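Trainee: Here's the letter readout for the chains.
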Amino acid sequence: MELLLASGIGVLTAAGVWLLLRARTFPVMLGLTLLSYAVNLFIFSMGRLAINAPPVIREGVERYADPLPQALVLTAIVIAFAMTALLLALSVRMGYDTGGDHVDGGGGRP
Amino acid sequence: MSLILIVLLPFLMAALPRLAGRHDRLRCAVLAAGAPALSLVLLMSHAPAVFEGNLVQAGGQWLPAIGLNLTFMLDGFGFLFALLILAIGLLVILYAHYYLSPQDDASRFLSLLLLFMGSMLGVVLSDNLLLLVVFWECTSLSSFLLIGFWRERSDARQGARMALTVTGAGGLALLAGVLLIGNITGSFELSEVLDQREVLQGHPLFPLALFLVLLGAFTKSAQFPFHFWLPHAMAAPTPVSAYLHSATMVKAGVFLLARLYPLLGGNDLWFLLVTGTGLVTLVFAAWVALFQQDLKGLLAYSTISHLGLITLLFGLDTPLAVVAGVFHIINHATFKASLFMAAGIIDHETGTRDLRRLNGLSRYMPVTATLVAVAAAAMAGVPLLNGFLSKEMLLAKTLAVDTGTWADWLIPVMATVAGAFAVAYSLRLVHDVFFNGEPVDLERTPHEPPRWMRVPVELLVVLCVLVGVMPNLVVAPLLDIAVSGVLLGSVPDYSISLWHGFNLPLAMSAVALLFGSALYFGLQRGYNLHTYRDDGVSAKRLFDRLLETLVSASRLATGLVQNGSLQRYLWLLVAVALAAGTLPFYLGGYSTGDEILLPSNGAAIAMWLAVLCATVATVALHRRRLLSLVALGAVGLLVSLTFVLFSAPDLALTQLSVEVVTVVLLMVALRHLPATTPAEGTLPGKLRDALIALAAGVGVAALAYAALTRPLASISTYFLEQSVPKGGGSNVVNVILVDFRSFDTLVEILVLAVAGLTIQALLAGFVAPGHARAPDPHEARPLMLRVLARAILPFALAASAYLFLRGHNQPGGGFVAGLVTAIALLVQYMAGGRDSVPGSVHPDQPAPAAPPGEEGFDRWIAAGMFAAGLTGLGAAVIGFPFLTSSYAYFDLPLLGKVPLASAMFFDLGVYLTVVGSTMMMISSIGRVTTAPPAAPPSPAAVPGTGAG
Chain A
1 MELLLASGIG VLTAAGVWLL LRARTFPVML GLTLLSYAVN LFIFSMGRLA INAPPVIREG
61 VERYADPLPQ ALVLTAIVIA FAMTALLLAL SVRMGYDTGG DHVDGGGGRP
Chain B
1 MSLILIVLLP FLMAALPRLA GRHDRLRCAV LAAGAPALSL VLLMSHAPAV FEGNLVQAGG
61 QWLPAIGLNL TFMLDGFGFL FALLILAIGL LVILYAHYYL SPQDDASRFL SLLLLFMGSM
121 LGVVLSDNLL LLVVFWECTS LSSFLLIGFW RERSDARQGA RMALTVTGAG GLALLAGVLL
181 IGNITGSFEL SEVLDQREVL QGHPLFPLAL FLVLLGAFTK SAQFPFHFWL PHAMAAPTPV
241 SAYLHSATMV KAGVFLLARL YPLLGGNDLW FLLVTGTGLV TLVFAAWVAL FQQDLKGLLA
301 YSTISHLGLI TLLFGLDTPL AVVAGVFHII NHATFKASLF MAAGIIDHET GTRDLRRLNG
361 LSRYMPVTAT LVAVAAAAMA GVPLLNGFLS KEMLLAKTLA VDTGTWADWL IPVMATVAGA
421 FAVAYSLRLV HDVFFNGEPV DLERTPHEPP RWMRVPVELL VVLCVLVGVM PNLVVAPLLD
481 IAVSGVLLGS VPDYSISLWH GFNLPLAMSA VALLFGSALY FGLQRGYNLH TYRDDGVSAK
541 RLFDRLLETL VSASRLATGL VQNGSLQRYL WLLVAVALAA GTLPFYLGGY STGDEILLPS
601 NGAAIAMWLA VLCATVATVA LHRRRLLSLV ALGAVGLLVS LTFVLFSAPD LALTQLSVEV
661 VTVVLLMVAL RHLPATTPAE GTLPGKLRDA LIALAAGVGV AALAYAALTR PLASISTYFL
721 EQSVPKGGGS NVVNVILVDF RSFDTLVEIL VLAVAGLTIQ ALLAGFVAPG HARAPDPHEA
781 RPLMLRVLAR AILPFALAAS AYLFLRGHNQ PGGGFVAGLV TAIALLVQYM AGGRDSVPGS
841 VHPDQPAPAA PPGEEGFDRW IAAGMFAAGL TGLGAAVIGF PFLTSSYAYF DLPLLGKVPL
901 ASAMFFDLGV YLTVVGSTMM MISSIGRVTT APPAAPPSPA AVPGTGAG
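Chains A and B supply the protein sequences, listed in that same order. Numbering of the first sequence is given in our numbering, commencing with residue 1 and proceeding in unit increments. Numbering of the second sequence is given in our numbering, commencing with residue 1 and proceeding in unit increments.
Worth flagging that the hints you see were computed from the coordinates, not collected in a lab. All values reported here derive from a predicted model rather than from experimental measurement. A virtual CB, placed ideally from N, CA and C, is assigned to each residue, including glycine. A few of these clues could be false.
[As the list claims (entries may be wrong)] Ranges of calculated distance between the beta carbons of each label pair, as one might list FRET restraints:
1) B:Arg-688 - A:Gly-105: 21 to 27 Å
2) A:Gly-105 - B:Tyr-532: 57 to 63 Å
3) A:Asp-97 - B:Pro-711: 35 to 41 Å
4) A:Gly-105 - B:Arg-27: 55 to 61 Å
5) B:Ser-552 - A:Ala-50: 57 to 63 Å
6) A:Gly-105 - B:Ala-579: 26 to 32 Å
7) B:Leu-26 - A:Asp-97: 55 to 61 Å
8) A:Gly-105 - B:Met-784: 38 to 44 Å
[Said to hold, decoys possible] Per the computed footprint, the stretches of chain A lying under chain B, defined by three or more beta-carbons under 8 Å from a beta-carbon of chain B, are:
9) 5-15
10) 30-43
11) 57-71
12) 94-101
Take the sequences, apply the hints, and build the full model.
Mentor: This is the structure:
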């Protein structure tokens, strides 16, 4: 299971980085989103994996997943979303202001 | 306390001349004189204690953690310097009043002078070494401003910059040296450090510390090879040169040498470095001074030479040499300040400082001529003047050098040679300016300066004579306490008197006088010094070359990484992160742990395959944007399922709702972006990117796997144990968010709020120019969707409320509830067009086309932040730390037992902020309209855009 998750994070990272390095704003946004999935899963996994042990206190239950990375990742998800939205707003505005969606503005270099 | 005031008064009163305005110059000068006069009175109030040999200390802690304290001390040596600084400072203020022309802003000049004076007093009175360095740099900064006072002149600007570069760099070296000393001895207080000579000198890092401190002292005191800034600083107004470049700032270096002599001296390295530097500077600068054509340039090189002399004396490393050094500090300050002021008078009355044009002035200004002649004679070391006494002492001390090497005869010989040069340039100063023919094309007929302009010169010259004739009466007590300050209380047996009988030093003086006169007249006859042109390799040219090289090197380095291409920045960023992440594994080796792993099952493998497919699809389809967005949504859902699998229901809920909002947002944005991505990029570039991406993926996977297979030491046990008893909630994740770590959460929702507001500032009301790709917002929408959306809304809001209320005990909470509410509103938006989503939830009311910010979502954000912040403040008001929570349980019908913790209000704040920010983002992006091509948009007509 650990190998599956680790390799999954790797796949998401590789795809995210590849898209991040593209020249147009939309793929960059996709890449950033994928990368944020990867990072969130990575931080989450640092609490190690547990099945059927949600960190909700119940009588007579001793085994819980680590709640701290979960709390960290919860806000990280929301903030990653805010950043994606901000990037998107910047892209839209830049696209209109410079006449293209190349990351350096305009229609890109010939 | 009054000791601190001595230093602080010039700073505190520095603004006073500015208040007088630049036109009432007399009031300006009087106000400026107030600070040094008061400080002088305070200094004198300490005189009895100091002359009794006591150490006056004052001050307190400033930043004790790093050893930086506001501590001051006044001993005899500090007293001498403070006296010089304040007394000559007063004279310079008087002098400057007459020197500055009506076009000069006297108030600015005097303010800067006071700042410098305060900094200099700080240097000489600091007990704390770090504080001393702070003031040291203050003198560099204020002297930069003073040298560049005539800022419209390029030579002034260049000279100022050079002085700052050299002395500022030296100051940094000094700081490093002081830090080393402080670390080795364990204290930064001079009064404690000075006793620890053995500890410091026994430490292996002592040579480095010595070298760094000397670097600071030598740059400040313009010692070879750092001397070149001083002649260029002559572009300053002459009062600055008289003050900074004769009596005070350049003396800071030798002050430091003397101050730290008990700590750093007494070893071969000190002797070698300090004596060597002093000797070279003494001879070299005296020779160069002879060939200057600028009156102030001659004085500048002579100053360098005399500073070399003082440095040499401290380098000789005997108590008697220290006496001579301190004595020469006093003497040089008096005769050199008077000479600079006289040079300023000559410049002022004739309009030039060029020695080739200044000739025969004795007929026009006989009094000034006499004063200069006396001061120059003191500089040359003529008997009956103060310079003679200290020069005799120097010659005697050079003879006493006993190292058993060739240095024993080299040092006295070179000292005599330098003495001869000094006689020669002093002669040139007097002969060339006041005799030697007639002036050459002066703009006006020179005459004596205003009465009071000459007074400071007269006072100083009288002092030169008095010290020279009656040293024991005039200066001996002051010299005594100053030497005792330097040598920590022990004063050697010495005598200053005019006549020691016929001995070797006297003979050396005589030789210097004869040889120097012969040299000058010989050169003037045989060669004519006026025709000399300096066109060799100058230090300035080397310095400029060095600066140019540095600038072009940094341009090159900047150009390499910052060529304006965002893609390059990004791949560099990722590559550097990769390298930094790989390095520890490269050094320490990679291995996995041996924890027992969870067995995988079919469902997990299926999910893994699905993630793989969806991710590959996102990448493969990325040029067809809508399709790749669909694939991205699938990845998000799978991530959400992963959270479900691994016992993180809160994360799963959040990820799910964020995914919905993100996809909708991107879809809305697609309207404003091209539908497809053009194929571009070169093959090598793509290969590079692929390599980086692959390496990043493999690296992160390897890192994650290495971590996952190792045991966990978590701090979460505390949260799990205390969640119910202290936080009043069984959903630990939520309790952490709104209680244990609520300050983090507060800042996180602030980030969200700022992002929302920024997007609004960027886009709200923005009218896009030109091409209308956007569909009509009122185009037909599916009837079914509209009906369903209406019907769903109450259920969605109820679900959101449910998630919110149970959040403390079961998966849910403010973040998720906020996102669900936002999604509910979003559906309305999609079904009914943008006008159906006003700020308050009344879909039936027709909303007018709201101007930016008036959708009301900014109020949601404000209310949310207010609620969250207020909850925290509430705890603070009743005496608990910020954001302490308390709780109680209430039984509500239907819902059962509901905790009413104060944390719930906090969570309400989170909820409101999340809804407000999310809706703000979506509505801002959704409201971007496209102007009809006929009407060109005018940015000025759209208020509220372009910000951020």
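Trainee: Look at each hint and say if it fits the structure.
Mentor: Evaluation of the provided hints:
A beta carbon spacing of about 23 Å between B:Arg-688 and A:Gly-105 agrees with the range 21 to 27 Å that was offered as a hint. For the pair A:Gly-105 and B:Tyr-532, the supplied restraint of 57 to 63 Å holds, since their beta-carbon distance comes to about 60 Å. Remark: the range hint 35 to 41 Å for A:Asp-97 to B:Pro-711 is contradicted by a beta-carbon distance near 53 Å. Range check, A:Gly-105 to B:Arg-27: about 57 Å between beta-carbon atoms, so the 55 to 61 Å window is met.
The hinted range of 57 to 63 Å is satisfied by B:Ser-552 and A:Ala-50, whose Cβ atoms lie roughly 59 Å apart. Taking the beta carbon of each, A:Gly-105 and B:Ala-579 are about 29 Å apart, inside 26 to 32 Å as hinted. Between B:Leu-26 and A:Asp-97 the CB atoms are about 58 Å apart, so this pair conforms to the stated range of 55 to 61 Å. For A:Gly-105 and B:Met-784, the hinted distance range of 38 to 44 Å is satisfied, since their beta carbons lie about 42 Å from each other.
With 11 residues carrying a beta carbon less than 8 Å from a beta carbon of chain B, the segment 5-15 of chain A meets the three-residue requirement, and the given coverage holds. Only when three residues or more bring their CB closer than 8 Å to a CB of chain B does the claim for the segment 30-43 of chain A stand; here the count is 8, and the claim holds. Under a criterion of three residues with beta carbons nearer than 8 Å to beta carbons of chain B, the stated coverage of the segment 57-71 of chain A is upheld, 9 such residues being counted. Counting residues of the segment 94-101 of chain A whose CB lies closer than 8 Å to any CB of chain B gives 3, which reaches the minimum of 3, so the coverage claim holds.
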